[in-house]
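Heads up, the sequence shown is in this note's numbering, so the first residue is 22 and it goes up one at a time.
Don't take every hint at face value.
What the hints assert, rightly or not - Label pairs and their calculated CB-CB ranges: (1) PRO120 / GLY158: 25 to 31 Å; (2) ALA228 / ARG202: 22 to 28 Å; (3) GLY225 / ALA50: 36 to 42 Å.
No wet-lab data here; the hints were simulated from the structure. Everything numeric in this text was worked out from a predicted model, so none of it was measured. A virtual CB, placed ideally from N, CA and C, is assigned to each residue, including glycine.
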Amino acid sequence: MCHRAGVMTVSGDPIFMPASTSLPELLLAVRRGQLPPPASVDGALVPATEAAAYAVQDTVGRSLGPVGGWKVGASSPDAEPACAPIHTATIFSDGATVPADTCRHLGVEAEIGYRFARALPPRAAPWTRDEVLDAIGTAHPVIEILDTRFARPGSLHKLLHAADQQSHGAMIVGPGTTAWRTLDPVRERVVLRINGKVAMDHIGGNAAGDPLRMLVWLANHAARRGVGIGAGCVVTTGSTTGTIFVAHGTDVEASFPALGAVRAHLA
22 MCHRAGVMTV SGDPIFMPAS TSLPELLLAV RRGQLPPPAS VDGALVPATE AAAYAVQDTV
82 GRSLGPVGGW KVGASSPDAE PACAPIHTAT IFSDGATVPA DTCRHLGVEA EIGYRFARAL
142 PPRAAPWTRD EVLDAIGTAH PVIEILDTRF ARPGSLHKLL HAADQQSHGA MIVGPGTTAW
202 RTLDPVRERV VLRINGKVAM DHIGGNAAGD PLRMLVWLAN HAARRGVGIG AGCVVTTGST
262 TGTIFVAHGT DVEASFPALG AVRAHLA
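Make a model of the complete structure from these sequences and hints.
See below:
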């Protein structure tokens, strides 16, 4: 996945990339602020497969610190899920102020997350649904912030955004409940408030349907990648509200009757 000698265009100004630039190098350079975010990239950088995109996640992730969670989602109840590890540097607690330099774009989503009390490490035998559910400790209200290392969210080939940590920016985790087995996430009400005003208020909303299906898929996917799910990891299971882009300086609150609320200030 090497970049051919060519041009990246940013705001109309060409930035010449060396022939040796790879997609992981490009993504890390943007994270370090050494390059402006590209508005277009050479087609040679587009991962050929989902497996190749996950390999880029792993390569970039080795420079991002320890993994403290995962994001997983699917476009429908029958669709193959997609995922990315989330690193502890972008995980915040309820009531946190997310520093302004954490994300350039602020795409707000209300989600339901599950914290694993026990690890599900790599192993030869597949993890069963019962084993995965027995490893869950608590469920949480979550706000995920979508961002991108490219010019705009969703502006390029989907496998480029998949390689870019599935467009993860930050995750804010609210208080947990151990009574998560009584939660019906498909029928749970969600209310998303932006600066104190209700932006979304409805039942369900997750395109993937039952998030527990995705947790089982993730446990086996992460095992095949040689990573597994660590004890204490929080897995957030996809937007229940869609994505709402907001400005820096915004206050956000997501609440679920069975879980409680999570709040954050996006500096």
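Structure-based check of all given hints:
{"no.": "1", "hint": "PRO120 / GLY158: 25 to 31 Å", "verdict": "holds (28 Å)"}
{"no.": "2", "hint": "ALA228 / ARG202: 22 to 28 Å", "verdict": "holds (23 Å)"}
{"no.": "3", "hint": "GLY225 / ALA50: 36 to 42 Å", "verdict": "holds (40 Å)"}
When each numbered hint is compared with the structure, no violation occurs for any of them.
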